[in-house]
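With the hints as extra help, turn the sequences into a complete structure.
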Amino acid sequence: MTPLSDLIPDILGEDEKLVRTIFSPFHIDKKNPTKLTPSAFRPPSGIDEVSVNRLSYITANACKRHGKSMNSDFKTFFGLSTIRYTDVLASHAFARASKLEENPAHADIYFGVILQKGEPAPAEMNSVLKELATKARYFPDPNKESLEWLGDDINDC
Amino acid sequence: MTALQINPVLDAFDVAPEEPISSNSRAKKQAILRFIQQEIAVLKQNWDGYGASPIEQKVLLNVRFLINKLPDLLSSSLEKDTILPNPNGTISMEWANKDNELFLEIGNDYSTYYLKNKGKIKKINNHFIITNDSEFQQFVKNLNSI
Numbered sequence: 019m020t021p022l023s024d025l026i027p028d029i030l031g032e033d034e035k036l037v038r039t040i041f042s043p044f045h046i047d048k049k050n051p052t053k054l055t056p057s058a059f060r061p062p063s064g065i066d067e068v069s070v071n072r073l074s075y076i077t078a079n080a081c082k083r084h085g086k087s088m089n090s091d092f093k094t095f096f097g098l099s100t101i102r103y104t105d106v107l108a109s110h111a112f113a114r115a116s117k118l119e120e121n122p123a124h125a126d127i128y129f130g131v132i133l134q135k136g137e138p139a140p141a142e143m144n145s146v147l148k149e150l151a152t153k154a155r156y157f158p159d160p161n162k163e164s165l166e167w168l169g170d171d172i173n174d175c
Numbered sequence: 082m083t084a085l086q087i088n089p090v091l092d093a094f095d096v097a098p099e100e101p102i103s104s105n106s107r108a109k110k111q112a113i114l115r116f117i118q119q120e121i122a123v124l125k126q127n128w129d130g131y132g133a134s135p136i137e138q139k140v141l142l143n144v145r146f147l148i149n150k151l152p153d154l155l156s157s158s159l160e161k162d163t164i165l166p167n168p169n170g171t172i173s174m175e176w177a178n179k180d181n182e183l184f185l186e187i188g189n190d191y192s193t194y195y196l197k198n199k200g201k202i203k204k205i206n207n208h209f210i211i212t213n214d215s216e217f218q219q220f221v222k223n224l225n226s227i
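If you're matching them up, the sequences are chains A and B in order. Heads up: the first sequence at position 15 corresponds to 33 in the working numbering, and the numbers run straight through without jumps. Heads up: the second sequence at position 131 corresponds to 212 in the working numbering, and the numbers run straight through without jumps.
For the record, the hints were derived by calculation from the structure and aren't laboratory data. Check before you lean on any hint, since a few could be wrong.
Listed below are the simulated DSSO-like cross-link pairs for lysine-lysine, each with C-alpha atoms no more than 30 angstroms apart in a straight line [said to hold, decoys possible]:
| no. | chain 1 | residue 1 | chain 2 | residue 2 |
| --- | --- | --- | --- | --- |
| 1 | A | 49 | B | 150 |
| 2 | A | 93 | B | 197 |
| 3 | B | 161 | A | 162 |
| 4 | B | 179 | B | 150 |
| 5 | B | 161 | A | 49 |
Pair ranges (Cβ atoms, derived) [stated by the list, open to error]:
| no. | chain 1 | residue 1 | chain 2 | residue 2 | range |
| --- | --- | --- | --- | --- | --- |
| 6 | B | 179 | A | 43 | 24 to 32 angstroms |
| 7 | A | 158 | B | 178 | 43 to 51 angstroms |
| 8 | B | 120 | A | 28 | 36 to 44 angstroms |
| 9 | A | 31 | B | 190 | 41 to 49 angstroms |
Treat the numbers as computed from the prediction; the structure is a model and nothing was measured. Just so you know, even glycine gets a beta-carbon here, dropped at the ideal spot from N, CA and C.
Structure follows, in structure tokens:
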């Protein structure tokens, strides 16, 4: 039997959508709760990429279960956000498949800029992050207790 | 032990009482500084769920310096919702209206900002030293233009 990972293309398709799990209220635009803030796509210090999943190869339920499995004292699953791969490119960011053994739908949005602690991003990168935040759509989780995704259809973006 | 060592965050966000500002603007400034102190300065390691660092103490001091130094109208026009912590310990701020936006990120040793008009970048400074008077005045001029 062909492993699932082998069935998923290594190259992102133009029609693909990417899902980012949201854990912080600072990543949700308070004025427009269907939108994100630029920091939602900011990598931590020392790396230039953020994790996403490829919506063509993962369900909203699986995204939620994975998000909830990462809950901790400092980490609470808030919801899911989606962005089209073409919008990532149009924002002058990049994305690539980065399959993991436990999650072949894994991908990364990356920027080519590695920041250290306390180092501000170049203004051009902040402009890219703002574009991504504007183009992404946020879907709040209406029922955090459930293991199923009961929010709006995340394919609708 | 100095007061700064006892409680650096609280100390960093005390607004100087002798500042000659109107009570309304002063109240707004204090509300912004209080928000940063209570909501952003307290963030712990991994606050974003993806390994984010706490906000750097030097960044917090720079933010306090900037907000106190800005003309009253500009600092009090800053909205809490547009002050954002970043996962590498910096803080971003945004001033925007229908056609214009100024996006500032404050770091330990320098800051960066861009000014956009109708979605197009008009000005960029990738090495803004907030303690440099001429650079600060240029920043204020850009901020006044939106």
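Hint check against the structure, violated hint numbers in rising order: 2 and 7
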